[in-house]
Amino acid sequence: MSEVAITRTEWLQVCKRSDLVANSGVCALVGDRQVALFFLPDQEPQLYAIDNWDPIANAGVIGRGLVAEIDGELTVASPLYKQHYRLNDGQCLEEEDIKLDSFPIAFEGDDVLIKIDQ
Amino acid sequence: MVKQKIVVIGNGMVGHHFLEQLANRPERELFDVLVFCAEPRPAYDRVHLSEYFGGRTADDLAMGKVEQYREWGYDLRLNDAAVNIDRDNKVVTSASGASEAYDHLILATGSYPFVPPIPGHEHEKCFVYRTLEDLDKIQAAAKQGKVGVVVGGGLLGLEAANALKQLGLEAHVVEFAPGLMSVQLDEGGSKLLRDKIEELGVTVHTSTATELIEEVDGGRLRMNFKGDKSLDTDLIVFSAGIRPEDSLAKSAGIELGQRGGIVIDNQCRTSDKNIFAIGECALFNNFIYGLVAPGYTMARTAVSLLCGEAAEFNGADMSTKLKLLGVDVGSIGDAHGRAEGSAAITFVDEQTGVYKRMITDSEGKKLRGAVLVGDAADYDTLLQYHLNDMDLPEHPEQLILPALDGAAPTLGADALPDTATICSCHNVSKGDIVGAVQGGCCSVGEVKDCTKAATGCGGCAALLKNVVDTELAALGVEVNNDLCPHFPYTRQEIFHMVQVEEIKTFDELLHKHGSGKGCEICKPTAASIFASLWNDHILEKPHVGLQDTNDTFMANMQKNGTYSVVPRIAGGEITPEKLIVLGEVAKKYDLYTKITGGQRIDLFGARLEELPEIWRELTDAGFETGHAYGKSLRTVKSCVGSTWCRFGVQDSVGMALTVENRYKGLRSPHKIKMAVSGCTRECAEAQSKDIGVIATENGWNLYVCGNGGMRPRHADLFATDLDDVTLIKYIDRVLMFYVRTADKLQRTSVWLENLEGGLDYLREVVIEDKLGIGEELERQMGNVVGTYQCEWKTAINDPEMLKRFRQFVNTDEKDEKIVFVEERQQRRPATEEEIVKIAEPA
Chain A
1 MSEVAITRTE
11 WLQVCKRSDL
21 VANSGVCALV
31 GDRQVALFFL
41 PDQEPQLYAI
51 DNWDPIANAG
61 VIGRGLVAEI
71 DGELTVASPL
81 YKQHYRLNDG
91 QCLEEEDIKL
101 DSFPIAFEGD
111 DVLIKIDQ
Chain B
119 MVKQKIVVIG
129 NGMVGHHFLE
139 QLANRPEREL
149 FDVLVFCAEP
159 RPAYDRVHLS
169 EYFGGRTADD
179 LAMGKVEQYR
189 EWGYDLRLND
199 AAVNIDRDNK
209 VVTSASGASE
219 AYDHLILATG
229 SYPFVPPIPG
239 HEHEKCFVYR
249 TLEDLDKIQA
259 AAKQGKVGVV
269 VGGGLLGLEA
279 ANALKQLGLE
289 AHVVEFAPGL
299 MSVQLDEGGS
309 KLLRDKIEEL
319 GVTVHTSTAT
329 ELIEEVDGGR
339 LRMNFKGDKS
349 LDTDLIVFSA
359 GIRPEDSLAK
369 SAGIELGQRG
379 GIVIDNQCRT
389 SDKNIFAIGE
399 CALFNNFIYG
409 LVAPGYTMAR
419 TAVSLLCGEA
429 AEFNGADMST
439 KLKLLGVDVG
449 SIGDAHGRAE
459 GSAAITFVDE
469 QTGVYKRMIT
479 DSEGKKLRGA
489 VLVGDAADYD
499 TLLQYHLNDM
509 DLPEHPEQLI
519 LPALDGAAPT
529 LGADALPDTA
539 TICSCHNVSK
549 GDIVGAVQGG
559 CCSVGEVKDC
569 TKAATGCGGC
579 AALLKNVVDT
589 ELAALGVEVN
599 NDLCPHFPYT
609 RQEIFHMVQV
619 EEIKTFDELL
629 HKHGSGKGCE
639 ICKPTAASIF
649 ASLWNDHILE
659 KPHVGLQDTN
669 DTFMANMQKN
679 GTYSVVPRIA
689 GGEITPEKLI
699 VLGEVAKKYD
709 LYTKITGGQR
719 IDLFGARLEE
729 LPEIWRELTD
739 AGFETGHAYG
749 KSLRTVKSCV
759 GSTWCRFGVQ
769 DSVGMALTVE
779 NRYKGLRSPH
789 KIKMAVSGCT
799 RECAEAQSKD
809 IGVIATENGW
819 NLYVCGNGGM
829 RPRHADLFAT
839 DLDDVTLIKY
849 IDRVLMFYVR
859 TADKLQRTSV
869 WLENLEGGLD
879 YLREVVIEDK
889 LGIGEELERQ
899 MGNVVGTYQC
909 EWKTAINDPE
919 MLKRFRQFVN
929 TDEKDEKIVF
939 VEERQQRRPA
949 TEEEIVKIAE
959 PA
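Top line first, the protein sequences correspond to chains A and B. Position one of the first sequence corresponds to residue 1 (the working numbering), numbered consecutively onward. Position one of the second sequence corresponds to residue 119 (the working numbering), numbered consecutively onward.
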């Protein structure tokens with residue numbers, strides 16, 4: 001019989017709805033991890049969370065990028081070298097083998113909750 | 119399979135080209151390749167050698183990289199010169215003692231500089247100009263001197279003189295012949311070139327023979343000329359021509375020319391059929407080709423033959439175009455008109471310093487040669503007439519005369535035969551380009567990738583574009599000018615819709631005229647148009663998600679995610695008090711401080727969360743935002759003008775302040791730079807700006823649509839001797855017309871070049887008000903001026919706008935991943951290697 005390792009991941013409250021900026025991104029620190037949070041009130045889902053670290057530019061700047069739709073997919077354009085990262089799963093559209101971590105995120109009332117493996 | 123072995127001796131540009139061409143062929147697999155290179159590094163770009171003093175490094179100039187050679191599977195032996203060829207046993211021996219057998223030997227040994235045997239030429243302050251090591255030595259000697267002399271007034275000699283000038287020396291050129299560049303230029307062209315070069319501060323001594331070089335007091339050199347004259351100098355550079363490096367071939371008993379050079383046939387083979395010679399060491403038809411393009415052709419010929427294809431080298435055209443000390447020079451074919459029955463047409467404009475001469479046959483039907491000095495814009499067209507032996511137009515003089523109305527008559531791509539060579543560096547014909555376009559290439563970039571045209575010296579880029587565009591049009595390919603996938607309109611059309619329908623938000627614009635959700639192209643474009651028309655604060659809620667990142671944070675993001683802060687210093691004028699404030703703020707936040715080309719001060723390394731505090735301190739001291747982050751007016755550069763300068767004729771600083779304060783905050787399709795000079799000496803460099811103003815005795819001359827940067831363009835003189843009011847009126851109209859009609863991210867220079875009717879049309883719109891919109895343009899500008907606000911001043915008092923200026927929304931911690939190191943007493947971002955080092959415990 002093999003042991004099954006269970007990683008327990010719980011929803012964490014990361015910030016308030018009022019900390020977000022509509023139609024753009026902000027950044028939060030969860031543990032020692034920088035996470036970019038995007039709030040798009042007119043889209044479904046409204047919230048997206050991906051890693052804030054831009055591995056091409058080597059800087060924590062993804063949360064400061066411009067939200068752009070490319071061929072029907074919502075992305076953020078990195079502010080430094082302009083690669084597009086898909087908001088729902090972090091996939092880089094220009095570089096197939098680059099994918100940012102993405103995290104479940106949701107509102108609970110005025111709280112913004114996020115799930116991250118610690 | 120037993121591979122054949124190729125040994126290449128010499129790794130200059132031509133040797134490298136041979137290896138590059140071979141590497142890209144399937145036959146590469148048939149050979150083992152070994153390269154002997156006497157220099158410590160692989161091939162580099164000797165054509166642009168003098169740029170080494172202009173800031174390009176050895177790395178920038180490198181053509182062959184060690185890793186690249188490894189990838190190609192070549193055995194590269196650096197720092198190891200071949201010293202012997204045993205032709206009987208087909209073995210090459212090197213200085214380090216290696217013996218390597220060959221099946222095919224390629225001699226690409228190049229040339230060495232000729233040093234005239236003047237007594238004293240061996241002095242340690244006498245140099246040649248050939249390798250990077252030579253340049254290092256010259257640079258070291260220049261540090262201790264004031265004066266430098268180049269012996270030789272040919273093409274390379276003038277390059278060397280430019281280098282001495284760049285090193286801060288007072289430069290002299292000593293030439294034995296009566297004129298400069300006597301091989302390429304006729305007497306008139308040579309004389310004009312001399313005038314222009316002397317204007318630039320280089321002293322030219324022609325018809326001057328040096329008889330003795332001796333050391334005088336303090337280690338300086340004295341050059342004694344024939345006829346009792348002399349010149350004292352700190353160093354001498356010999357650039358009196360090249361001699362083929364043929365000593366190795368000579369000792370191997372290979373046939374040489376009477377005056378040196380390895381004799382080759384039209385297959386580039388030497389007297390030993392297993393040995394090729396290519397480049398400047400080779401002598402074909404008793405001629406050494408001292409340019410890179412013919413050397414490349416020889417290299418390709420040798421590669422083709424080794425790969426079993428038929429190929430011939432039948433000589434090459436020696437036409438050339440270049441910039442010497444900033445002066446455009448072109449020489450085509452028989453520049454001297456030496457052939458019998460030649461006729462000449464000459465155009466000279468002494469005022470602007472332009473000399474153009476065409477040599478035709480006696481009937482004026484064919485172009486045999488040409489000389490262009492001061493303006494080489496006609497070079498491409500003339501060269502095509504010459505190379506393709508095309509019939510000249512009925513009035514051939516029009517090819518070199520300034521156009522009186524409309525654009526100059528350029529040779530349409532249609533007229534060229536398919537065999538016409540467009541790119542001589544890579545031997546790409548018009549037919550090759552047409553083939554690439556027909557094969558699916560839809561842009562100049564794609565054609566460049568596919569054919570390599572215009573990737574050598576780049577001189578044919580304009581002609582290439584012409585051919586590609588013509589071919590695309592012939593195929594009926596529609597050029598798509600849509601802004602982006604979300605808006606099937608040009609920027610100009612969208613501007614018009616926003617204006618007429620008074621659209622105020624992106625959502626409204628997208629809903630009415632677009633589709634999808636918008637992207638990083640249409641969002642900032644819309645934001646810019648809203649700002650040009652309605653001038654709301656860029657961080658107001660409906661606009662905040664539209665801005666490019668730098669606009670969002672009203673600062674310029676640098677490579678490590680920190681920002682630079684650039685306060686406005688209008689006209690470059692600043693009080694000592696404000697200067698101290700900048701220093702104090704920079705000190706407090708530990709910002710790297712640098713003076714910019716636009717006469718202001720950049721403060722680098724501010725963290726996101728520090729920006730509001732920094733700007734609170736700056737605005738409290740009276741500073742405003744400099745809009746360095748925006749597509750908007752940057753700076754108005756100025757000289758001190760008549761207030762201080764003994765030459766100034768108008769108050770250029772005053773005018774610069776007026777202009778900068780009027781147009782600051784104007785959002786435009788791209789950034790805008792301006793300058794005001796107080797006299798015709800033009801110290802503010804106004805002719806390289808989008809809007810340039812130069813003072814005259816009677817008022818102001820207005821220049822428009824200049825550009826520095828990657829593709830410099832001289833501004834065009836738009837109107838002369840304007841009074842203050844008319845000047846501002848014209849600038850209002852030109853700028854607003856640009857803002858309305860330009861494409862996305864189009865600078866004024868490209869805008870004007872694409873404006874149908876060009877400069878004349880712009881004059882008709884602005885000065886004659888042909889479209890009847892003059893007052894409307896002024897009113898629009900008046901609105902922008904009237905609604906100006908310092909974006910930072912507004913933002914620091916608005917908590918909603920400041921929301922995004924937090925590093926983390928859930929904590930006040932700093933971004934630990936931003937790491938600085940100190941260099942020259944200031945901070946800079948740590949490199950990746952430094953970050954790793956810092957993270958590791960020592």
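Rather than coming from a laboratory, the hints here were simulated on the basis of the structure. None of the values given here were measured: they were computed from a predicted structure. Heads up, the beta-carbon is just placed ideally off N, CA and C, and yes, glycines get one too. Please note: incorrect hints may appear among the correct ones.
[Stated by the list, open to error] With a straight-line cut-off of 27 Å between C-alpha atoms, the simulated DSSO-like cross-links for lysine-lysine are:
#	chain 1	residue 1	chain 2	residue 2
1	B	LYS888	A	LYS82
2	B	LYS635	A	LYS16
3	A	LYS99	B	LYS862
4	B	LYS888	A	LYS16
5	A	LYS115	B	LYS932
6	A	LYS115	B	LYS888
7	A	LYS82	B	LYS439
8	B	LYS677	A	LYS16
9	B	LYS888	A	LYS99
10	A	LYS82	B	LYS935
11	B	LYS696	B	LYS659
[What the hints assert, rightly or not] For the chain B half of the interface with chain A, some residues (derived, Cβ under 10 Å), not all of them:
#	residue
12	ARG248
13	LYS347
14	HIS655
15	LYS659
[As the list claims (entries may be wrong)] Calculated from the model, a selection of chain A residues having no Cβ within reach of chain B, i.e. all distances over 12 Å:
#	residue
16	GLU10
17	SER18
18	PHE39
19	ASP89
20	ASP97
21	PRO104
Right, here's what the structure says about each hint:
1. B:LYS888 / A:LYS82: This hinted pair is violated, its Cα atoms lying about 42 Å apart.
2. B:LYS635 / A:LYS16: 26 Å, holds
3. A:LYS99 / B:LYS862: This hinted pair is violated, its Cα atoms lying about 31 Å apart.
4. B:LYS888 / A:LYS16: 58 Å, violated
5. A:LYS115 / B:LYS932: Given that 27 Å is the threshold and the Cα spacing comes to 23 Å, the pair holds.
6. A:LYS115 / B:LYS888: Answer violated: LYS115 (chain A) to LYS888 (chain B) is near 64 Å, above 27 Å.
7. A:LYS82 / B:LYS439: 38 Å, violated
8. B:LYS677 / A:LYS16: Distance of about 30 Å is beyond 27 Å: violated.
9. B:LYS888 / A:LYS99: 56 Å, violated
10. A:LYS82 / B:LYS935: Measuring from Cα to Cα gives roughly 21 Å; hence the hint holds.
11. B:LYS696 / B:LYS659: It is violated: about 33 Å lies between the C-alpha atoms, which goes past 27 Å.
12. ARG248: Hint on ARG248 (chain B): violated, closest Cβ of chain A at ~39 Å, above 10 Å.
13. LYS347: 60 Å, violated
14. HIS655: Since the shortest Cβ distance to chain A is 15 Å, the answer is violated.
15. LYS659: 7 Å, holds
16. GLU10: At roughly 16 Å from the nearest Cβ of chain B, GLU10 (chain A) sits farther out than 12 Å, so the non-interface label holds.
17. SER18: 8 Å, violated
18. PHE39: The claim is violated: PHE39 (chain A) sits with its nearest Cβ about 10 Å from chain B, within 12 Å.
19. ASP89: At roughly 17 Å from the nearest Cβ of chain B, ASP89 (chain A) sits farther out than 12 Å, so the non-interface label holds.
20. ASP97: 19 Å, holds
21. PRO104: 17 Å, holds
Going through the hint list in order, the structure does not satisfy hints 1, 3, 4, 6, 7, 8, 9, 11, 12, 13, 14, 17, 18.
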